[in-house]
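Next come the chains, spelled out residue by residue.
2 protein chains.
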Amino acid sequence: MPRYAFRIEYHGAPFNGWQRQIGQPSVQQAIEEALAKINPEEPRIAAAGRTDSGVHATGQTAHADLARRWQPFRLMEALNHHLRPLPVAITACAEVDEDFHARFSARERRYTFRLVARRAPLVHEAGLVWQVRNPLDLAAMQEGAAHLIGRHDFTSFRASLCQAKSPVKSIDEITITEQPVTGGAEFRFHLRARSFLHNQVRSIVGTLERVGAGAWAPAQVAEALAARDRSACGPVSPPHGLYLTGVTYPDDPFA
Amino acid sequence: MPRYAFRIEYHGAPFNGWQRQIGQPSVQQAIEEALAKINPEEPRIAAAGRTDSGVHATGQTAHADLARRWQPFRLMEALNHHLRPLPVAITACAEVDEDFHARFSARERRYTFRLVARRAPLVHEAGLVWQVRNPLDLAAMQEGAAHLIGRHDFTSFRASLCQAKSPVKSIDEITITEQPVTGGAEFRFHLRARSFLHNQVRSIVGTLERVGAGAWAPAQVAEALAARDRSACGPVSPPHGLYLTGVTYPDDPFA
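Residue numbers (the UniProt record's numbering), protein chains in the order written: chain P, 1 to 255; chain A, 1 to 255.
From the derived model, a few chain P residues whose C-beta atoms are all more than 12 Å from chain A:
(1) Met1
(2) Pro2
(3) Glu33
(4) Arg44
(5) Ser53
(6) Asp65
(7) Leu66
(8) His101
(9) Ser160
(10) Lys169
(11) Arg194
(12) Ala227
Computed from the model, here is a short list of chain P residues facing chain A with C-beta under 7 Å:
(13) Glu9
(14) Tyr10
(15) Asn80
(16) Thr91
(17) Pro121
(18) Leu128
(19) Gly183
If you are wondering where the hints come from, they were derived from the structure by calculation, not from laboratory data.
Every value quoted in this text rests on a predicted model; they were computed, and no experiment measured them.
Idealized CB from N, CA, C, for every residue including glycine.
Start from the sequences, fold in the hints, and give me the full structure.
Below you can see the structure in the form of structure tokens.
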């Protein structure tokens, strides 16, 4: 059976996350049901990142095995047709080798978190960014983030329900940028790692926001990490500022 | 009575435009009702641009006279509180002289139109940009737009219901930029003029889109303008890609 890789965008709001669960809407179910419209049996689809409820994606990657061979552009068009009107879109599609696995072949995941600091409510980007009312200090957040780069035990920064066998992960990048918006500023956190723990990105951003607000000193991020204790973490940021933006494989399936 | 100027953002979708109309939701009514919560009588508010149904704003400017003097930041906060949960936000507020008039003192209005060309549906920016499925040629659109710069009779590019006394207007700028988006490109049209006719921006963008698609030659834009005939215009673009981004006054009230 030919295997296809898909690059997928979705709005997190209407879904209880990527992963299929009985009685809850999921992105996985939406795509599997669209695939079932064009395939004799409903295929299973495996994704690089099992994003949480409310988390967005612009570069999720997944694969599925289909009964017959498709011209990739036609397959993408057919799926987008059957996905309507859900906020899920296939933006690239390619036939891949049978040893390609969207989850297990992935070498790197990239996430971006959008955080806007301003007093007035957001009207166009409601649901697309996390808004706080207090100003934030970029340099302090960058100083706090520096403590998290590299290989560490991230017990303090993972959900108590996290199922990963080990809390040790390597974070390769946390870049924070600032750009002005009317009446405030938008901060974008770009994180890159081979893989992340459950709630790791949102725990890191929620903690760094406290640093930016002046409630935490930057050095307290290092203390929280060293504590290896979930209660040492800052508040977990809400999901609607988080985007899975890309996944890297040894060979880019969409190149 | 002290006079206040307001810079206003709104999402166009829930409103039948800026201007108050019986039995239709309008941005003007929303703000006047918020003002009535903090002022003994409901004040009238006058805006620089009477945007159409569905059109967005990031820099609308308006003014109103209030019964008592306010600290501008507190006035902004009070109005944003009473505007909730409507997608309308006051992003700046200032006391101005009694001879300031948001509409009649305005020297320049600026609009931006967002147009995305790609096959896959948009999931995060649905309702915030106009999407077309065909690719667009930036250079051809720029060549077509050049014919519209300067002082012309824009009869071909205004709504048949337009109430302006004269169809002669001066367009000072039409800049078109292109940036890549996943699976396509976003084009932003920046237009600047002392004032615009009813539907003028949307008529221009809709016509230039036809040029970008290759359906019109760039020189046909000049022919359409010279025809001084509404039927010579291309299709009017939908409202949800259009933003009133700013208004210029002899003295910036928010400086």
